[in-house]
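*Asks:* Generate the whole structure from the sequences, applying the supplied hints.
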Amino acid sequence: MSSDGHSPEEKAVLAAHAKYYAARTDRDFATMVSMESKTGVYETYSDGSFHKPGRTWSLEDYESNFPVGTSNVYFAEANKVANGAYYVRFYYEGVNGENNAPYRTRVTETWVKEMGSWKRKTSHFSSAAYGGVHQTSKSDFED
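Throughout, this note's numbering is defined as the position within the sequence shown, counted from one, plus 4.
Bear in mind the hints are in silico, worked out from the structure with no lab data behind them.
Just so it is clear, CB atoms sit at the ideal spot from N, CA and C, and this is done for glycine as well.
Possibly wrong hints are sitting among the right ones.
[What the hints assert, rightly or not] Okay, the calculated beta carbon distance ranges per label pair: (1) 9 / 31: 32 to 38 Å; (2) 117 / 72: 28 to 34 Å; (3) 81 / 43: 24 to 30 Å; (4) 95 / 119: 27 to 33 Å; (5) 11 / 97: 26 to 32 Å; (6) 43 / 106: 32 to 38 Å; (7) 11 / 112: 17 to 23 Å; (8) 15 / 119: 16 to 22 Å.
*Replies:* Given below as structure tokens:
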């Protein structure tokens, strides 16, 4: 444990997390893909839609589907849940879309150690947008 209360492993997880989200800001999709679990990432989004199945994103997926906007990470914390696994939580806030709409969400993630490197395995984005909620629609059930 260091003088700031963080273990070296916790610092490594937070450094990987910071690198991943810097890559998101820079639209550096190659770095993002390299920092995600090779067996897929399980995600739930802040739009209120249903959980997404595990998915391995490609460079091409991100290039064609990544939202326009800029968001920043605030107050990231990492807590060890098992050997080789950390729970990371933080706030993610900025602007999204063509109209630069405000975006505010709480995020929880699981980072796992694979082949000696920290990889993003799960993400749950939970809306913190002033109480905004999702109204279920037919498209929620379509693939």
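*Asks:* Against this structure, judge whether each hint is valid.
*Replies:* Consistency of the hints with the structure:
1. 9 / 31: 32 to 38 Å: holds, 34 Å
2. 117 / 72: 28 to 34 Å: Roughly 33 Å apart at Cβ, these two residues keep to the hinted range, so it holds.
3. 81 / 43: 24 to 30 Å: holds, 25 Å
4. 95 / 119: 27 to 33 Å: 30 Å Cβ-Cβ, so the 27 to 33 Å window holds.
5. 11 / 97: 26 to 32 Å: holds, 28 Å
6. 43 / 106: 32 to 38 Å: Given range 32 to 38 Å: holds, Cβ gap about 34 Å.
7. 11 / 112: 17 to 23 Å: Holds: the Cβ-Cβ distance is about 20 Å, inside 17 to 23 Å.
8. 15 / 119: 16 to 22 Å: Roughly 20 Å apart at Cβ, these two residues keep to the hinted range, so it holds.
Comparing the model with each numbered hint stated earlier shows that all of them hold.
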